[in-house]
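J.: Which chain is which? The protein sequence lines are Z and H, in order.
Position in the first sequence (from 1) plus 1161 gives the number in our numbering.
Position in the second sequence (from 1) plus 30 gives the number in our numbering.
Any given hint might turn out to be false.
Stated by the list, open to error - Below are the EDC-like pairs computed for lysine to aspartate or glutamate, each with C-alpha atoms no more than 16 Å apart in a straight line: (1) Z/1358 <-> Z/1391; (2) Z/1244 <-> H/223; (3) Z/1358 <-> Z/1274; (4) H/89 <-> H/178; (5) H/195 <-> H/223; (6) Z/1298 <-> H/159.
As the list claims (entries may be wrong) - Footprint (simulated), chain Z over chain H, 3 or more residues, beta carbon under 8 Å: (7) 149-162; (8) 171-178.
Hint data in this document are derived by calculation from the structure and do not stem from the laboratory.
Glycine included, each C-beta is placed from N, C-alpha and C at the ideal position.
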Amino acid sequence: MTTGLRLRCSGHNAKREGQDVKFASLYLALPAAILVIVASAIGSAHEPGLSRQSTASGVRHHHGHRISRWHEAPAGVRTLQAKIQYCYDCHGSSGRGYRGYYPMPRLAGQTTEYLENQLKAFVSHAREPHIAVAVSKVHGLSPEMQAALAAHFQDLNPQPYGNAPRNLVDAGKKIYEEGVPEDNVPACSACHGPDAKGHGPIPRLAGQLYPYTAKALVNWSAERGRNPSDTAAVMQRVAQSLNRSQTEAVAAYLSYLD
Amino acid sequence: MRLIRSTIAILAIVSASASLAGEVGTVSYGAIFANKNCAWCHGPSLQGFATAPRLAGQKPQYLMIQLHSFRDHTRDNPLSQDYMWGAAANHLSYETARELAAYVASLDTKAANNGHRVLIAVGHTLYREGSPATNIPACVACHGPNAEGFGEIPRLGGLSYHYLKRRLGEWGEGYHLTAAAPMPEVASKLSPDEIDALASYLSFVN
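Taking the hints into account, I'd like the entire structure generated from these sequences.
T.: In structure tokens:
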């Protein structure tokens, strides 16, 4: 038999035994609810009122719910966090990459030197992909922000994007590890590493989006190859020597690499 | 001569009526279903009507995902709740839904052209460049240079200004699509003026 507060479920003619447990938990729920409401009121006491200000001015939303401690973080941290999320918006959660109308490449686990080199090249227009995105503006970042972002992405390790034709993977693995000797194509692993994780200015390829890698190789002379300061000039000959099916095989293999 | 002429005439009539029968016989199930269950609200040829958006010419994969998200109640904005959660199309088999989506995607489209013309230029710039200073990504990266969409990413070109404005605002208010959809995060950063400009520009894109 319960003592104290007893709440009735409306419309129910419930048996006493079954209801005792329910009423006991309701009795606890009410003060708990009051505590939660008071706590969240305190937490949001300093929140600016509008729901649609930009993140730069301090209100942060995650799926419509306010993150109440956002305003307490130092301005520099908030700016970096907001910028990281901005990168994720196109490049996928944790920089995994995302296949929109354009394939936005994986950034996760990329070498800091390579990332910073590319960001500089976008800003200076030295790297100018032939797509309708205003790439130099979108990547308009200060050198400090470039370095901070590169450091952030280097440590991330989400699942590889995959989503490539599985039947090409074996052929791609062979090309990656052995090259194509009859066409004087060296093994990719020689520079990019046996695990395709790269080092220094040589980029990580593991887990990269299949259409992105394929497009980069096929378009090399028209895009990357036009940048005289790009250390990737070495890729020009490789890209030209691989035929379409070899390119697609390597790209497919890489998309599944962890 | 008369016999030959009348034979030719008879043959012509027979073949014409045979091909006519073939036309009627090949109206797809998708067309029948759409006309019976969707056109009432979404307009003849699914061009959109009042608050119901144009479905014609939409990406088929996007359409199928919306049907599931109505069924599963993950797409939870008010008008979806009221009108679409109980829709007949939500419970089709995969194959039938695919047929319906393919039919709808194949329909001709007309741009709504009902946004504010003065905002087209601003909206176009925002669409192409986003706003890096306020961390708004460039819509073009996912939705394409003509807002044509890709795969499960919807076509936005030519949709009604009022519909786009409402949807962009709703994400900022915390409504959802599927679990993985990036739009709530992306759109929550847009200011009312930016939403107005984007919705205006897109309503004119053909």
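J.: Hint by hint, note whether the structure agrees.
T.: Checked hints:
For the proposed pair residue 1358 of chain Z and residue 1391 of chain Z, the alpha carbon gap of about 19 Å is over 16 Å, so the pair is violated. Only pairs whose Cα atoms come within 16 Å are accepted, and residue 1244 of chain Z paired with residue 223 of chain H is rejected, the gap being roughly 22 Å. Between residue 1358 of chain Z and residue 1274 of chain Z the alpha-carbon distance is near 13 Å, which keeps this suggested pair within the 16 Å criterion. Among the hinted pairs, residue 89 of chain H with residue 178 of chain H is consistent with the structure: their alpha-carbon atoms are about 8 Å apart, no more than 16 Å.
Restraint check for residue 195 of chain H and residue 223 of chain H: satisfied, since their Cα atoms lie roughly 10 Å apart, inside the 16 Å limit. Using a Cα cut-off of 16 Å, the hinted pair residue 1298 of chain Z and residue 159 of chain H holds, with the two alpha carbons roughly 7 Å apart. Given a C-beta distance limit of less than 8 Å, the hint that chain Z covers the region 149-162 of chain H holds, as 4 residues qualify and 3 suffice. For the region 171-178 of chain H, the proposed coverage by chain Z is satisfied: 6 residues have a C-beta within less than 8 Å of a C-beta in that chain, meeting the threshold of three.
Comparing the model with each numbered hint stated earlier shows that hints 1, 2 do not hold.
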